[in-house]
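Novice: Residue numbers (the working numbering), protein chains in the order written: chain A, 522 to 1090; chain B, 24 to 706.
In short, the hints are calculated from the structure, not lab data.
All residues carry an ideal CB built from backbone N, CA and C; glycine is no exception.
Please note that the accuracy of each hint is not assured.
What the hints assert, rightly or not - Ranges of calculated distance between the beta carbons of each label pair, as one might list FRET restraints:
#1 B:I44 to A:G1055: 42 to 50 Å
#2 A:T966 to B:N83: 29 to 37 Å
#3 B:A56 to A:S620: 55 to 63 Å
Unchecked claim - Which bits of chain B does chain A cover? Going by a derived footprint, with three or more residues having C-beta under 8 Å, they are:
#4 79-92
#5 393-402
#6 414-421
#7 445-459
#8 619-629
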Amino acid sequence: MTLVGWLQIAIVLALVLAAAVPLSAFIDKVMSGKRTRLSPLLLPVERGFYRLAGVDEAREQSAYHYTIAMIAFSIVGFLSLYALQRLQGVLPLNPQGFSAVDPALAFNTSTSFITNTNWQNYGGETTMSHLVQMLGLTVHNFVSAATGLAMAYALVRAFARSSATTVGNFWVDLTRCTLYVLLPISIIGAFALLFAGVPQTLAGSVDATTLEGAKQTISLGPVASQEIIKELGTNGGGFFNANSAHPFENPNAWSDIVETWALLVIPVASVLAFGRAVGDLRQGRAILIAMAILLVAGIAVLYWAEAAGNPLLTALGVDPSQGNMEGKEVRFGQSLTALFAAGTTGTSTGAVNAMHDSLTPLGGLVPMFNLLAGCIWPGGVGAGLYGFLVVAILAVFIAGLMVGRTPEYLGKKIEAREVKLAMFAVLIYPLAVLGFSAASVLLQTGLDSLGNSGPHGLSEIIYAYASQNANNGSAFAGLNGNTLWYNTTGGIVMLLGRFAYVVPVLAIAGSLAGKKKAPPSAGTFPTTGPLFVGLLIGVVVILYLLQYFPALALGPVVEHYLMLAGKTF
Amino acid sequence: MAAKVKARGLFDPAILGPAAISAFRKLDPRVLARNPVIFVTEIVSAAVTGFFIRDLVVGNGVALFSGQIAAWLWFTVLFANFAEAVAEGRGKAQADALRKTRSDTRARRFVDPKALGDMLEGVNALDLRVGDVVLVEAGEIIPGDGEVIEGVASVNESAITGESAPVIREAGGDRSAVTGGTTVLSDKIKVRITAAPGSTFLDRMIALVEGAERQKTPNEIALSILLSGLTIIFLIVCVTLWPIGVYSKTTLSATVLIALLVCLIPTTIGGLLSAIGIAGMDRLIRFNVIATSGRAVEAAGDVDTLLLDKTGTITFGNRMADEFTPVAGVADRTLAEAVMLASLADETPEGRSIVALAKTRYSLNPPDLPPEAKVVPFSAHTRISGVDLPGRSLRKGAVDAILADAKMTRETAPPEFRQAVDRISRAGGTPLAVSQNGRLLGVVHLKDIVKPDIRQRFAELRAMGIKTVMVTGDNPLTAAAIASEAGVDDFLAQATPEDKLAYIRKEQQGGRLIAMCGDGTNDAPALAQADVGVAMQTGTQAAREAGNMVDLDSDPTKLIEIVGIGKQLLMTRGSLTTFSIANDVAKYFAIIPALFVATYPELGALNVMRLASPQSAILSAVIFNALIIIALIPLALKGVAYRPIGAAALLRRNLLVYGLGGIVAPFIGIWLIDLLVSALHLA
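Just chain A, same shape as in the assembly:
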């Protein structure tokens, strides 16, 4: 670890925070339907969409109808994306002449993009036509992120309102988030990436002759426009298979900074927007501080573990002064790689600028733990906020009892119904991740995909399911996911991770919205101070550590001790 390395990390995080503060005010304005500076330009467009779809923007929905609308939208998105992939061979904008995508892979990819996961069991440049990339994948990069923020705002409104019957209008939230937040930033960001050297063309590829005289086909495409929303919408599905480690997706440190900034900025801003929406900035700040401490702790462990290097490689004569450089890009180095890896898994982005499979055991433990906890520091667009709020509800419940009152969060009583729904949501994680991991190691078809044996093989499988469950999409790429088993089960896990989690969350929103907001007193403990921040961190760490202690012990932890003992497997 070096001071310069830490300065790089600090500068990027400072840039995120500097942008997130004004952005949070903007997001809150957009989501509460107020006029913004963009309104003169976008209001006619927005209204046009409503007229076209027959949506009455003034009419709010109950949590139940909100949920139905969200699910209906997702089903239509799934079907259209599936059809696009299966029909790409006969559709235009297919310069490389790709044929129809295999059914299992098309299923996996469709669930992957409607759930904001962007798990990729395909190589983008060798599987998907430009039409699929632009009309299918990129569209979902926008709307799946907007859906996330919409759902988070349904919950936020439930906290903010008193004795309310509605939590907002899904169609309005979806439209406004896409039009006012995601699109404008994406346009500016795409230009920034263009200037940094990211290509943007409709050409399929160019042929080059290498120094050795060999012919090489270099894939091209509309990369910059997809790249920015890939990060901004915490999607992570790369145009190229190598994702942000590819020199066309992420050519240099400048583009890397833009991308890291983009994947963190909306999640951070939406947490602050939550504080604004409930009328107490400190509420958002407390949650953000808890998230930031967890994120930075992860960065620190990752950076330290990678910079310390791999004694097994040192023994083979590799210079240990640069740390473990396996799977990393020299143009990013240790610190920007650590920041990106922790950030991409702390959010549900899943883009990578280094191969996580090649991280040292403890270095790899960090992204893995981030995934197992559901990517909630600061989390995906919207998803991080509602994910963390569920944990906060559980933390408040236990802590609230300890001060001798029926627990309250933001004046809303947390009672049996909320606890039941929160536990229901939380249960999905171990069920999906541990359940399918256990099935995979029992089945030969599951084991056949492994690139490594021993503890690392186990890590690859657990990482894969954790990533899909958390709708992250990054991978310990040693595992070949493009098989019938992993495509199908992975698709199921992504659906569970998104919908089986968010439906209880929206039900909580419905339940909380209807409650009276009790004014705070000296008897209610403050959910703003350092005590609450510490409580949140403690509950998060213990809750997830207890669930995954055995799995982590048999994966990265034992691998670490084996490495120290100089053993391979």
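Once you've looked at the hints, dock chain B against the given chain A.
Specialist: What follows is chain B alone, placed relative to chain A:
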């Protein structure tokens, strides 16, 4: 004092014996199914017992280990049952005494409940129906809850309240309710029965102290859901660990997986949860407050606003002399002496307080009234009282009446007198004018004396986050003065029952929970509307029906303690839950390396407690898990101490003790048990 609850020691052998037997009886799965965590423990205990028998038959050499695990798993279940039985046992003895009063009572019932007449028939108390009218005479036990419709009697209610001083019960008004099981000491009354046998106050009390009718309270239900959820999560963790173990080239036996499961699921809080609830109710009963439901106790912990009657709660209820102010030309002592003499025959508290003040402040010695003295008693008509001594006619009374007597009006009265009267009125006091032979001497300040420690208690309540509201029939001026002296946050002056009800509704609209106490029939709507309504035992039947608690001592200040008990109940649950979950960290560090150290010797690094062997590590964790339930029974029954130090400080303290303590304690405990287990060669 038949049924007055005695504070029993935590480990009274009279309770422990039956509780131990009851612990075995509670193994019935149909009973245990109500407690998911312990129910799961019982099922897996049975399974491990099966494995033990198999190991014994097959002779595979692990029977000693699986046998011990099975035994300790059963102990875990038994200890949880025992905790509940101990909590229940503390109410049992008392319930038996109460039941005796109920069963042997005979009643004399009027054959015609409408016309009454003199036709009576003897029936068993258990055969009485609502609407029956019975005659109860001196020395007889009142056969059921009812209302006095004719007559007046003194009644000994010690069977219910533990208070042996008799109380007066009479037809009409606020003193008409009688309780079954109490004894008429003098006179005779006709009582109309208002509760059917089985649902009388006494029956409710028996059910409550036995914990038989205990229903889970809202927070308890929420907590049970959390615990069930955690149990399912750990079930998933343990079931999936088997294939993951196979992948890691370790075949785990079902016995060790079950041992891990039981260590992880929250057995500590699961086992103590119902004991905590019963103990909370028991604490209230020992405090001589009967709650009709656990829900009410829990609600008491949530109370935001406390409505307190001024009289009797905040002030002593009697006005007392505080100061003598003479008019110009009259010495202080002269006034003091005159008013003392005028009050000698006045046996009201006000009168006595005047004599007392004269004695203490002016060192006057109250003489005996000479025989020729003529006492003028107070009458509502003249509003004057006094005494006629030879040559001296002393009078005290309402200002206007005395002024009229002295041929003056407020306008013609001396200015210093007018000022004094105004000052006293503004301060919330009552001015009492004094005259001698028709000449105005001065004025006595009769003050509503605020109880000496009440200000401190309100400060405590404020620290708890509870707003206090004083309810009084006084005018706003007086009310404000007393409110500021007592330190209440708000007051409701010239309050009618409707005002009270409206105030409660308004507060509830704002999302607050309200507690109040009352005794009159006109309090009933407000008592019913309040979230916590404490009726006084001396109050009317209507009030007692409307409230959700009855205070047997009829002491309104108890509301404050009731709130504390409610808070304590929730805190104990929360703290033990935190402790239980925090314990899991250490158990993982004990068990996980033990399970896999054969395949991965490097995992020995996680064995931070340096436990002797894999088997002793697992056994020690299971033993710790069982023993901690026993160790925490006293805490569960006594409750976590509540201090009014504000929520943040309280949380910090409890997080430190039960959170951090919960992480550290099992590391030490398991390490110590392991030392013992390996020294005894148990594993």
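Novice: Run every hint past the structure and note whether it holds.
Specialist: Consistency of the hints with the structure:
{"no.": "1", "hint": "B:I44 to A:G1055: 42 to 50 Å", "in the structure": "46 Å, holds"}
{"no.": "2", "hint": "A:T966 to B:N83: 29 to 37 Å", "in the structure": "34 Å, holds"}
{"no.": "3", "hint": "B:A56 to A:S620: 55 to 63 Å", "in the structure": "58 Å, holds"}
{"no.": "4", "hint": "79-92", "in the structure": "violated (count 0)"}
{"no.": "5", "hint": "393-402", "in the structure": "violated (count 0)"}
{"no.": "6", "hint": "414-421", "in the structure": "violated (count 0)"}
{"no.": "7", "hint": "445-459", "in the structure": "violated (count 0)"}
{"no.": "8", "hint": "619-629", "in the structure": "holds (count 6)"}
Checked against the numbered hints given earlier, this structure breaks hints 4, 5, 6, 7; the rest are met.
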